[in-house]
Amino acid sequence: MRLGSGTFATCCVAIEVLGIAVFLRGFFPAPVRSSARAEHGAEPPAPEPSAGASSNWTTLPSPLFSKVVIVLIDALRDDFVFGSKGVKFMPYTTYLVEKGASHSFVAEAKPPTVTMPRIKALMTGSLPGFVDVVRNLNSPALLEDSVIRQAKTAGKRIIFYGDETWVKLFPKHFVEYDGTTSFFVSDYTEVDNNVTRHLDKVLKRGDWDMLILHYLGLDHIGHISGPNSPLIGHKLSEMDSVLMKIHTSLQSKERETPLPNLLVLCGDHGMSETGSHGASSMEEVNTPLILISSAFERKPGDIRHPKHVQQTDVAATLAIALGLRIPKDSVGSLLFPVVEGRPIREQLRFLHLNTVQLSKLLQENVPSYEKDPGFEQFKMSERLHGNWIRLYLEEKHSEVLFNLGSKVLRQYLAALKTLSLSLSTQVAQYDMYSMMVGTVVVLEVLTLLLLSVPQALHRKAELEVPLSSPGFSLLFYLVILVLSALHVIVCTSAESSCYFCGLSWLAAGGVMVLASALLCMVVSVLTNMLVGGNASRKNPVHPSSRWSELDLLILLGTAGHVLSLGASSFVEEEHQTWYFLVNTLCLALSQETYRNCFLGDDSEPPCGLRVEQGLDGATAAWQDGPACDALERDKGHRSPSASQVLRGHEKWMVLASPWLILACCRLLRSLNQTGVQWAHRPDLGHWLTSSDHKAELSVLAAISLLVVFVLVQRGCSSVSKAALALGLLGVYCYRAAIGSVRFPWRPDSKDISKGIIEARFVYVFVLGILFTGTKDLLKSQVIAADFQLKTVGLWEIHSGLVLLAALLFRPHNLPVLAFGLLIQTLMTKFIWKPLRHDAAEITVMHYWFGQAFFYFQGNSNNIATVDISAGFVGLDTYVEIPAVLLTAFGTYAGPVLWASHLVHFLSSETRRCLWTLDTPTLGQSVDRPL
Amino acid sequence: MKDTDIKRLLYTHLLCIFSIILSVFIPSLFLENFSILETHLTWLCICSGFVTAVNLVLYLAVKPNTSSKRSSLSHKVTRFLKCCVYFLMSCFSFHVIFVLYGAPLIELALETFLFAVILSTFTTVPCLCLLGPNLKAWLRVFSRNGVSSIWENSLQMTTISSFVGAWLGALPIPLDWERPWQVWPISCTLGATFGYVAGLVISPLWIYWNRKQLTYKNN
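So the protein sequences, as listed, match chains F and U.
Okay, so the first sequence: first residue is 1 according to UniProt numbering, each after it adds one.
Okay, so the second sequence: first residue is 1 according to UniProt numbering, each after it adds one.
Please keep in mind that the hints were generated in silico from the structure rather than gathered at the bench.
If you're wondering where the values come from, they're calculated on a predicted model, not measured in any experiment.
It is possible that part of the hints are untrue.
[What the hints assert, rightly or not] One-sided and incomplete, this derived list gives chain F residues near chain U with beta-carbon spacing under 7 Å:
#: 1; residue: Q576
#: 2; residue: N583
#: 3; residue: K754
[Claimed, not checked] Taking lysine-lysine pairs in the DSS-like style, the calculated list, with each CA pair at most 30 Å apart, reads:
#: 4; chain 1: U; residue 1: K136; chain 2: F; residue 2: K833
#: 5; chain 1: F; residue 1: K201; chain 2: F; residue 2: K152
#: 6; chain 1: F; residue 1: K829; chain 2: U; residue 2: K136
#: 7; chain 1: F; residue 1: K407; chain 2: F; residue 2: K371
#: 8; chain 1: F; residue 1: K775; chain 2: F; residue 2: K833
#: 9; chain 1: F; residue 1: K651; chain 2: U; residue 2: K136
#: 10; chain 1: U; residue 1: K82; chain 2: F; residue 2: K651
#: 11; chain 1: U; residue 1: K76; chain 2: U; residue 2: K136
#: 12; chain 1: F; residue 1: K651; chain 2: F; residue 2: K694
#: 13; chain 1: F; residue 1: K168; chain 2: F; residue 2: K204
#: 14; chain 1: F; residue 1: K172; chain 2: F; residue 2: K110
#: 15; chain 1: F; residue 1: K407; chain 2: F; residue 2: K168
Backbone N, C-alpha and C define an ideal beta-carbon position, used for all residues, glycine too.
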């Protein structure tokens with residue numbers, strides 16, 4: 001079957017996307033999540049189980065502690081407290097751990113060991129998955145159920161001092177707060193003094209139930225000088241004195257209240273030997289967790305080897321301690337020593353609540369939950385618990401009661417452990433099978449694409465796709481058979497849930513047929529090539545196609561970029577890589593222009609001829625308008641014939657344009673600082689967006705829009721031109737309406753609206769222009785094979801996208817758009833056309849520039865830099881689909897605009913090529929289109 | 001082209017390398033607390049001075065360009081002044097290119113400029129010594145197949161390898177190893193220096209290996 005290369009490429013891309021989707025589904029397992037949202041979660045707590053008797057304890061148990069103080073020290077590693085450093089620098093804490101009424105644990109944090117996910121884990125008890133980030137795109141606030149939310153609904157008064165992240169996560173939950181910023185890493189004293197200065201006042205007052213302190217200083221010291229610096233010791237002593245102050249104050253207060261108080265000391269993550277964190281080494285994962293209260297028994301604990309627990313257990317424990325419901329998504333289990341001192345009925349009640357919550361979560365997330373050993377244990381212990389309650393209510397003698405009770409306890413603890421474990425492995429496990437299926441599909445398509453590159457680039461742009469061969473080949477059926485057998489084996493033996501097994505048989509079978517068909521196609525294409533290769537080797541085509549420096553740079557740069565993604569710093573600072581490459585590209589282009597314009601280098605084939613070496617391209621080269629290689633000949637004799645040479649200023653433009661582009665890139669680079677290491681540097685964007693510089697911003701936005709209009713209108717039809725002008729005017733009005741820029745005649749207008757009308761006005765024009773462009777495109781395809789019309793249509797689509805981007809970009813980013821269009825124009829006019837680069841080079845250059853513009857917009861590989869406000873332009877409320885689409889377009893506007901420019905440029909070049917070279921000699925010789 | 005020529009080339013190059021090594025060790029005898037990383041700017045100045053001096057001395061001693069016409073003193077002086085102007089211009093244009101590459105515009109301007117100076121020392125100074133302030137000759141040498149002697153060939157190689165070294169030197173800057181040499185512009189200057197040294201070592205060897213294939217138009 002013969003396919004056009006366009007159709008073929010579309011099919012390949014579609015299958016590729018499917019493969020990647022399957023892979024990603026396996027790589028990012030859906031987080032374990034309760035389906036009932038926290039908002040309407042007013043269902044009553046699980047009643048105490050009983051076997052027939054009437055007296056059920058249905059309300060939540062009352063709180064165990066009256067006040068809870070949580071002291072969270074950022075990057076507190078376990079050996080800072082339990083190791084030799086702790087003994088040396090934290091004497092009071094060591095005393096409490098060894099002799100005081102306390103329970104100490106080592107809490108294991110799950111990677112990523114970064115503050116925000118850790119705070120979530122501590123407060124919700126869930127393990128934040130990667131998919132979470134996308135799910136609450138529209139607000140940074142934590143939507144899930146958490147201890148804080150429960151405490152708020154129960155009317156507890158919470159006070160918070162410390163890292164601002166908390167305030168962002170829980171914006172309305174604290175009655176009093178003071179956020180410190182983790183912005184200035186070099187500050188490690190002030191940041192903690194800002195927390196401690198509130199302590200005396202707050203501890204004297206009694207009008208709170210929960211006090212959370214988050215100290216950042218230790219983390220900052222770690223980042224500056226590592227875990228072995230002498231500063232660490234000072235900081236630990238300071239923390240120790242803070243802890244002593246809180247503890248003594250709580251103890252003195254305890255006489256007034258009926259219930260004891262609880263003091264929790266914990267770290268959110270550890271610190272590696274170099275002082276950083278984020279990965280999963282032992283030093284980063286292990287954090288101390290110390291619970292101090294007079295309610296606990298004083299018993300000599302083994303300080304060197306505290307029990308290892310999960311960080312997620314804290315949420316459940318805190319909830320029980322405060323008499324709250326356990327957060328719905330918590331996968332943690334209650335730290336049993338905390339409730340050990342309570343009567344046995346209460347202990348059982350707490351454990352029951354915890355297991356019920358976990359088993360509910362299991363039911364909602366695992367299809368075959370009944371087979372789970374944890375669930376079976378839970379059912380059994382619930383039955384035993386019921387029996388025990390009946391006995392208790394009938395008041396049999398206490399010996400039997402106690403023995404039975406402790407048996408039920410052990411059952412519950414075992415059930416808890418298994419449940420918690422199976423839930424957290426659910427989150428942390430990659431779905432290997434789905435990943436492998438996805439990878440296989442992607443690799444097969446990739447191989448097919450690579451194999452058909454020579455055919456696809458052929459002038460006819462048609463390729464033989466052996467679609468029929470799978471239907472008749474034995475290999476195809478054999479592979480299907482093997483794959484289905486594998487599928488059955490994998491799915492029946494898998495312990496954890498697997499997405500691909502969860503699919504219906506039809507869908508899974510479809511994917512298997514696809515995979516095996518692709519395999520057969522690859523094999524048959526490969527055999528064809530090997531057979532055909534022998535034939536074609538007899539007449540070698542290109543004897544000496546030497547690569548120019550530019551080709552080398554493009555190839556090495558692209559490969560180098562791919563390799564650089566192996567280092568995490570290069571991923572964080574990917575924009576630097578692209579800026580560097582684009583700059584180097586510009587310098588290489590500049591070198592090429594110089595060579596072409598100044599040097600009559602005979603040995604080097606002129607650029608124009610390099611495109612197709614076999615071609616008798618002389619006629620084409622001379623007819624093709626301004627060409628620099630014509631220039632190189634005129635160096636010797638100063639009076640060349642007028643038709644062959646560029647006019648003087650055009651020559652200078654050719655020479656200057658790489659430098660102009662470089663200057664543009666440098667300006668754009670200082671517009672938005674992005675990445676990780678240098679993101680805090682001051683940049684032009686911040687300067688412009690500050691309210692003092694509104695006038696400058698307005699002028700800049702207006703000029704940028706004007707430049708956009710001037711650059712875009714030249715290719716459009718007159719209708720689109722008018723629409724574009726009105727649309728750009730609408731963009732300015734929209735920005736004025738929402739108050740980011742102002743009109744010169746209304747300098748201080750205070751009325752700020754959402755700009756719905758203005759934005760929708762622009763949308764109308766965007767759709768209009770896109771519609772005209774599509775219409776032209778269809779017309780050129782269907783009615784007449786008119787390349788002129790096609791080019792205009794493509795340009796109109798490009799300009800429609802430009803208009804949309806102008807609407808969605810923040811005003812300080814409008815120069816990015818203007819400069820982008822300027823660079824496109826310069827490149828087209830003075831570099832690509834005169835120097836005659838071939839399609840592959842131009843494509844790669846477009847790709848590089850597109851990537852660079854993605855970062856010029858202020859994006860980075862950090863999801864936090866996605867500008868969500870784009871999703872709200874012209875919308876009254878949050879509507880999911882348009883918001884996601886608009887946000888995606890706003891984020892990827894740079895690459896998308898360069899891609900659309902590439903399509904237009906290639907189409908116009910093909911037209912020109914056909915126009916000038918419409919001769920039969922062409923078909924056989926052009927290896928690369930253009 | 002004879003083996004003696006290549007030998008002379010090798011010796012001059014070894015002298016250049018020796019001067020760079022000296023610039024690392026000699027200052028520590030006179031200056032307290034001297035080290036390449038800590039007092040980088042001082043080292044840059046000293047290294048640049050040493051390399052320039054050695055190049056000038058070698059140029060006067062070896063005189064690889066045999067086409068030295070008799071010229072008056074005033075001609076020599078203008079030539080020298082022209083060379084100085086060219087050197088300064090190359091420094092400034094390198095500075096501009098670094099800024100375009102993303103070097104900070106205002107802060108660290110001295111560091112950036114000294115980097116431009118050292119790169120000019122490695123590239124422009126040998127060119128000026130060998131070719132004189134003659135842009136046409138420069139263009140000829142740096143185009144394909146334009147070299148006309150082993151001296152020019154080695155000049156081409158050392159210059160390109162210095163540039164490539166400086167370019168590669170920028171790569172480790174974004175890595176989060178937090179080493180003292182990752183600070184702008186230390187890694188780049190070190191890269192340029194290593195590139196220059198590598199060019200000095202490689203070019204005589206390369207010429208020696210390929211001495212059969214190499215034919216120059218003028219020789």
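Verification of the supplied hints:
For Q576(F), the shortest C-beta to C-beta distance to chain U is roughly 5 Å, which falls under 7 Å, so the interface hint holds. Contact between N583(F) and chain U, as hinted, is supported at the beta carbon level, the nearest pair being about 5 Å apart and thus within 7 Å. With a cut of 7 Å, the hint placing K754(F) at the interface with chain U is violated, because the nearest CB-to-CB distance is about 38 Å. Restraint check for K136(U) and K833(F): the C-alpha separation of about 27 Å stays at or below 30 Å, so the hint holds.
Note on K201(F) and K152(F): the hinted pairing holds, with a Cα-Cα distance of about 22 Å set against a maximum of 30 Å. Distance hint between K829(F) and K136(U) is fulfilled; the C-alpha atoms sit about 28 Å from each other, no more than 30 Å. In summary, the hint linking K407(F) to K371(F) is supported, as the alpha carbons are separated by about 23 Å, within the 30 Å threshold. Restraint check: the Cα-Cα separation between K775(F) and K833(F) comes to about 28 Å, which is no more than 30 Å; the hinted pair holds.
Taken as a hint, the K651(F) and K136(U) pair is honoured in the structure, with Cα atoms around 19 Å apart against an allowance of 30 Å. For the hint linking K82(U) to K651(F), the alpha-carbon distance of about 28 Å falls within 30 Å, and the restraint holds. For the hint linking K76(U) to K136(U), the alpha-carbon distance of about 19 Å falls within 30 Å, and the restraint holds. Restraint check: the Cα-Cα separation between K651(F) and K694(F) comes to about 40 Å, which exceeds 30 Å; the hinted pair is violated.
Restraint check for K168(F) and K204(F): satisfied, since their Cα atoms lie roughly 27 Å apart, inside the 30 Å limit. For the hint pairing K172(F) with K110(F), the CA-to-CA distance comes to about 27 Å; that is within 30 Å, so the pair holds. Proximity of K407(F) to K168(F) is assessed by CA-CA distance (about 45 Å); at most 30 Å being required, the pair is judged violated.
In terms of the numbered hints stated before, the structure departs from hints 3, 12, 15, listed from lowest to highest.
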